[in-house]
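Listed in order, the protein sequences are those of chains A and B. Here the first sequence is numbered in our numbering, starting from 299 and rising by one per residue. Here the second sequence is numbered in our numbering, starting from 299 and rising by one per residue.
Calculated directly from the structure, the hints in this document are not laboratory data. Among the clues, some could well be false.
A pair counts as met if it fits within one copy or between any two copies, since identical chains are not told apart.
In silico BS3-like pairs for lysine-lysine, Cα to Cα no more than 25 Å straight-line [claimed, not checked]:
| hint | residue 1 | residue 2 |
| --- | --- | --- |
| 1 | 330 | 462 |
| 2 | 338 | 462 |
| 3 | 467 | 339 |
| 4 | 331 | 387 |
| 5 | 462 | 339 |
| 6 | 443 | 409 |
| 7 | 338 | 467 |
| 8 | 462 | 359 |
2 protein chains.
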Amino acid sequence: VPGDSLSYPEDLCPPDNFNMVSTWIYRSSFPKKKNFSFLKKLGLKSILTLILEDYPDQNMKFLKENNVTLFQFGIAGNKEPFVQIPDDKISAALAVLLDRRNHPILIHCNKGKHRTGCLIGCLRKLQQWSHTSIFDEYRRFSHPKSRSMDQQFIELFDGREAWKVIDPKWI
Amino acid sequence: VPGDSLSYPEDLCPPDNFNMVSTWIYRSSFPKKKNFSFLKKLGLKSILTLILEDYPDQNMKFLKENNVTLFQFGIAGNKEPFVQIPDDKISAALAVLLDRRNHPILIHCNKGKHRTGCLIGCLRKLQQWSHTSIFDEYRRFSHPKSRSMDQQFIELFDGREAWKVIDPKWI
């Protein structure tokens, strides 16, 4: 009986800023050990991380034990005037993201606010969302640290470049 | 070619506060006419509304044209000291929500903040989320008008009562 599970002592803790983005696509902040039992329930096939650093041992162990493939597209945050998110890396990440062979997939950076928010924003462009709706979503997850540079990146991102590296066969 | 669709003049406008909650479960504010082309893409089978008022003609027409079933569990907002959300209505709504015969399903109230947030919070309890994670999500969508009465309602809601009216066969 499903109700019986309510008497279990341990609650499930999604990572901060966890959310479902589309069917079989999730987003979150960096997953910690206490989030692993929740993540197991998602039955993830892949994780796409945008961090630059090496993946920690404890997370590598989780991947191995649960047969999860790691895709790493390391990018630096979008802090003017020194850093710019590279369009081609975002396009390559979108190609991985939309490929149903990688689903279910979790996207994360560190806080799940800025780099993840930019990638999701670009995904929404491919889904033809209006900029108003895209920015509303970006801000909902980056609050109270929304960056206008991120929103400008999303606005200027050319979806046609991404479609060039996406194989429609696997969408 | 999917990229070709980018040249369409009309962008898709999800309703304000739109989000995917779980596979085949969506949430939003009250859908207006400009949101209908977006909603069509979701292939909705049902809409669950928490508003008290009659559904407007233009929305009824959308339902009819797209073969969408309407479930109405009208409740008043949770504004102390006069109003309290009735537990049994939330349980009945959860039973509709979890029944896969109704999927894909969209939940909405007026702003998609408070009543919808309470219902989703109770759903998360059935999914065994920790209260911290449930409240984070509640506040993300009710910001900047989060109500502590809503969070208290979610905390006190007894999932076992809901399981009594949910038929596990259709989950």
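Hint check:
| no. | hint | verdict |
| --- | --- | --- |
| 1 | 330 to 462 | neither (35 Å within a copy, 35 Å between copies) |
| 2 | 338 to 462 | neither (33 Å within a copy, 27 Å between copies) |
| 3 | 467 to 339 | between (28 Å within a copy, 20 Å between copies) |
| 4 | 331 to 387 | neither (28 Å within a copy, 37 Å between copies) |
| 5 | 462 to 339 | between (34 Å within a copy, 24 Å between copies) |
| 6 | 443 to 409 | both (11 Å within a copy, 23 Å between copies) |
| 7 | 338 to 467 | between (28 Å within a copy, 23 Å between copies) |
| 8 | 462 to 359 | neither (35 Å within a copy, 39 Å between copies) |
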